[in-house]
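S.K.: Residues per chain, in single letters:
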Amino acid sequence: MRWFGRHGKIADDEVLTEYGDRDRPVKGKPFKDHPVRPDIKNAVSLMRGKLTVDEAVANFPNRLAVAREGEGVRYTTAGALREQEFRVEYTPSEWNPSHVSVENLDARREWTDDDSARFNECFGEPEWKEGGDE
Amino acid sequence: MSDQIHLRIGAEPWRPADTAKIDKVLNHYDIPLAGIIQQHRRYYIFECLDGHANESNLWAYAEITRQERRQILRTRDKQELQKLFTSILKSRSFTAAVAIDHGLEMAAVVERQRDTGPAPVKAASKAITRKAETVRAVNALAACCN
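Chains as they are written, first to last, in the working numbering: chain A, 1 to 134; chain B, 1 to 146.
The set of hints was computed from the structure by calculation and includes no laboratory data. All C-beta atoms in this analysis are idealised placements derived from N, C-alpha and C, irrespective of residue type, glycine included. Misleading hints may appear alongside valid ones.
[Said to hold, decoys possible] Just the calculated beta-carbon pair ranges, DEER-fashion:
id	chain 1	residue 1	chain 2	residue 2	range
1	A	Asp-13	B	Arg-70	37 to 45 Å
2	A	Asp-114	B	Ala-140	44 to 52 Å
3	A	Arg-68	B	Ile-9	24 to 32 Å
4	B	Thr-19	A	Asp-113	36 to 44 Å
5	A	Asp-13	B	Thr-129	42 to 50 Å
6	A	Arg-109	B	Gln-67	42 to 50 Å
The following block holds chain B by itself, in its conformation from the complex:
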């Protein structure tokens, strides 16, 4: 099985598939903005990377080990939580997704970055932009063939 979370287009970003359930919400402002999700006995962090109070927002999902989950749950300081989440997203491939009006619209895998690579938000944004361009190109090709 892939180490990427399974997402359903249209699902809420904090409950991104019917098989996913919230394990812990760590940051809430009108909607859950960061926390831990469980799916198929695996744990994933979720984090809103941008557009927190806007109609469209950018999200990240990365699988974590049970040890990392325990470490997150033990952490009480928001800056330490941010460091942990950023460190997780920079240390492995993760799934980036765009949501509009609380429904997931598009997702793309972000390959693991080099240590000196861009911040997760930039890597996620780039992966989504590339995916959107691919979709547009495929749609244009399909329109030509019809």
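Isolated chain A (complex conformation):
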């Protein structure tokens, strides 16, 4: 990867958070389940720790720790992803110290529908922000 390095190992029991948006789904999905730009990084971005919706959006630029109604999070663990044969790497940047990358064991392999299905199986029910301030 060109823009950030790998920094340490994430334990199997660590909780990871994925951000989503039920009111503005991308290609019909509130949570992505495949790499958005595999030409940049053939991985899905998550955040380290069990973050609330407010805490998750605070990792984005120009977002105070106040989520909008309809924004949400879902959780998994690094171990659950590894059991499904994904690699989990801690890849922080200065402005997003929680950033985690999830990729296939062979990172060069194209992400398939089966990969997306196995990825989705790793997550519990989403939690949505209700009655946000923005």
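Using the hints, position chain B against chain A.
M.R.: Okay, now just chain B, sitting in the frame of chain A:
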């Protein structure tokens, strides 16, 4: 030369012209969301202001000095980075742009705000809305003339 970045419609927001190259990515979540771009020996910050994980998003670009670049690169704390970027966008005119599906669609210059002026995201949104209304009016006029 203008102090505004040169953008190409259709370009990726984090590499907004063929003459622009990424100097540093400071925030990445599926795509680069904030950082520094170099173009024609000048440096610019770029920042996704809204729609970070959505199909359409709002971006800001502002020229910075080499001293400001060094200050940004020295900063390790995300809140300090946010303060720096917001302070830069509030202290000068900048370019706002809308991207759809990772391609720039429309851009507008945001004039320097008063210290008590709106947040950069509001100023950017207003400038883009005004530009879109102008484009619609021109298109309507052109349709009348045809």
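S.K.: Quick one: which hint numbers does this structure break? Sort them smallest to largest.
M.R.: none
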